[in-house]
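Since the structure of chain A is already known, use the hints to place chain B on it.
There are 2 protein chains.
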Amino acid sequence: MNKGKIVFNNPPKIISTYSCVGSEEQKGPLGKFFSYCSEDNKFGKDSWEKAESEMQRLALYGAIKKAGLCETDIDILLAGDLLNQCVGSSFGLLEYDIPYVGLYGACSTCALGLALGASLYSGGIAKRVAAITSSHYCSSERQFRFPLEYGGQRTPTSQWTVTGAGAFILGDEGRISVKEAVFGISKDMGIKDINNLGAAMAPSCAETIKTYFSEGEKSPSDFDLIITGDLGYEGSDILKDLLLADGIDIRKNHTDCGILVYDRKKQDKHAGGSGCGCSASVMSAYVIKKMEEGELGDVLFIGTGALMNSLTMCQGQSIPAISHLVRLSSSEV
Amino acid sequence: MNKGKIVFNNPPKIISTYSCVGSEEQKGPLGKFFSYCSEDNKFGKDSWEKAESEMQRLALYGAIKKAGLCETDIDILLAGDLLNQCVGSSFGLLEYDIPYVGLYGACSTCALGLALGASLYSGGIAKRVAAITSSHYCSSERQFRFPLEYGGQRTPTSQWTVTGAGAFILGDEGRISVKEAVFGISKDMGIKDINNLGAAMAPSCAETIKTYFSEGEKSPSDFDLIITGDLGYEGSDILKDLLLADGIDIRKNHTDCGILVYDRKKQDKHAGGSGCGCSASVMSAYVIKKMEEGELGDVLFIGTGALMNSLTMCQGQSIPAISHLVRLSSSEV
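Sequences listed follow chains A and B, in order. The numbering of the first sequence is this note's numbering, which starts it at 237 and goes up by one. The numbering of the second sequence is this note's numbering, which starts it at 237 and goes up by one.
Only chain A is shown next, with the shape it has when bound in the complex (with noise of 0.2 Å):
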């Protein structure tokens, strides 16, 4: 690689996926595709930090007994999440007695983990990965805005961060293979606004997605989808206008897990979903599903992140963001 497309020699295979969510994303479009919901999003815990903990715990223990193995065939644990110190993951998956290495990639964090799973597989590193990412409404909203109490009317531009979470084991297993991957570089260019993340995160993704196509070997219409997440609605519309202006159409196979998590008429969830769960609940739950079925055969997921925290927003800087990508492919195509 050289800040290019890493084709991996020896692909991993999708062994297995789980995915957690609250009552808001059960009530959305792919509410049937997850694979457990908590009403209350409490998870049976008493703070909403430790609800995306629980989230993370479940999300693993379901991929690993759906796959029908057990903690001990797991070389490596890949996991982040949006809360301070990464904690959601730190404390969720404590309990597991697996080697554990701590992402931050904000909203990009589960593309990041298939990457980089996918590379200590490919490398030989590791049997078995398990990429694991969570975001929760709740502590997310309270740690980044402003505590949900405050009942602060949002812009049209702001993203509503996802209550959920999902876990992929890589092995050599399964019909769907992670075929390449392309890891980001950050960029900022000058957004300000923390009520537009997507706007912050449409050029770094443009040029992720630039990246894969450099070569020329293929074409964005060479995929069944370019499944981006999480721009939304403000942020996809940029992203579009930025690759055509550099001559790649991506807008007849482009969509975003942030606009397919939530109904735009019956939830008023502005610009769309957000947060690191948002892509990894909607790629685990809902695509991984329709690759299974047949019904997509070649996927490119780009991860989006904005790199902030609470505190360069309070010193007036701008908001940088990273965009990781992988290509998804079944093995019947």
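Please keep in mind that the hints were generated in silico from the structure rather than gathered at the bench. Hints are not guaranteed to be accurate.
Note that the list lumps identical chains together, so a pair holds whenever it fits in one copy or between two copies.
Claimed, not checked - Distance condition first, Cα-Cα at most 27 Å in a straight line; then the derived DSS-like pairs of lysine-lysine:
{"#": "1", "residue 1": "LYS415", "residue 2": "LYS278"}
{"#": "2", "residue 1": "LYS428", "residue 2": "LYS281"}
{"#": "3", "residue 1": "LYS454", "residue 2": "LYS363"}
{"#": "4", "residue 1": "LYS278", "residue 2": "LYS428"}
{"#": "5", "residue 1": "LYS363", "residue 2": "LYS415"}
{"#": "6", "residue 1": "LYS249", "residue 2": "LYS363"}
{"#": "7", "residue 1": "LYS363", "residue 2": "LYS241"}
{"#": "8", "residue 1": "LYS446", "residue 2": "LYS363"}
{"#": "9", "residue 1": "LYS446", "residue 2": "LYS526"}
{"#": "10", "residue 1": "LYS281", "residue 2": "LYS501"}
{"#": "11", "residue 1": "LYS526", "residue 2": "LYS249"}
{"#": "12", "residue 1": "LYS526", "residue 2": "LYS501"}
Frame of chain A; chain B shown alone:
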């Protein structure tokens, strides 16, 4: 691998290292080894957080320059720090046009970066990897404990977050190689004292060291140095006791980055240094230098991290910890 030692088939060499520190570290016993010091700890910036980012930028710049390379020669950056959402790294490394992977391992991040970087190199995913880590006393104190202006009294077991950053470039050339690694399993032994992180981290460190020696091929006396980072005085004593109870005696060749970095008599740092910049600066400046000079041949470095945040402390949770190990060997040994 399976929860154990990874022996790299194609171990990378350490091409170069570079370290940046603040004034307290400069005044300590290792002062003359550090590459760069900012007397006012601000590194020319107007906030402590920006100063920490600047340390990361300078450390990578210095390491690339010292290696006689340029930015385009580096395939991937692995970086992390203690700030919320790892903004020390994401803002600090923003100007580099290099694929970026954000890590979170608290004070184990330097070892995690080296272990993961060696994995990506050995597996043929990347030809040159840079691993960068930082912490800053002032940004860290106000985030995790109290505003500095309080002037609060510190308990005897508390450690002093090092203002420092260290960068390593891994690749084909150099006298020192990263031969083996152990990715740690997180452990929580119920410690709840934010001012005694050494005690919280020592058990996970003992576990990782036991994993390394579990195959019985090697013993502690085979190493010139077993260096932990950063247990400080308190945690180091606990570690030695824990290991001794399991028949592993590291008393003769163990030290800790947090013990080395400050003068116990002249500098009022209680239980020693901590922070992911502690092991990053001590390893990149002092230990690597001693290995290059032939004084040390075979070194085990175990990075130790406490995975809490200020909210989990407020919610009464205990402090999980993780420890990652790398074995560094000089080519003449």
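How the hints compare with the structure:
no. : hint            : in the structure
1   : LYS415 / LYS278 : neither (36 Å within a copy, 45 Å between copies)
2   : LYS428 / LYS281 : between (35 Å within a copy, 20 Å between copies)
3   : LYS454 / LYS363 : between (30 Å within a copy, 25 Å between copies)
4   : LYS278 / LYS428 : between (32 Å within a copy, 24 Å between copies)
5   : LYS363 / LYS415 : both (16 Å within a copy, 20 Å between copies)
6   : LYS249 / LYS363 : both (11 Å within a copy, 25 Å between copies)
7   : LYS363 / LYS241 : both (22 Å within a copy, 14 Å between copies)
8   : LYS446 / LYS363 : between (31 Å within a copy, 22 Å between copies)
9   : LYS446 / LYS526 : within (26 Å within a copy, 45 Å between copies)
10  : LYS281 / LYS501 : neither (31 Å within a copy, 47 Å between copies)
11  : LYS526 / LYS249 : within (16 Å within a copy, 44 Å between copies)
12  : LYS526 / LYS501 : within (24 Å within a copy, 65 Å between copies)
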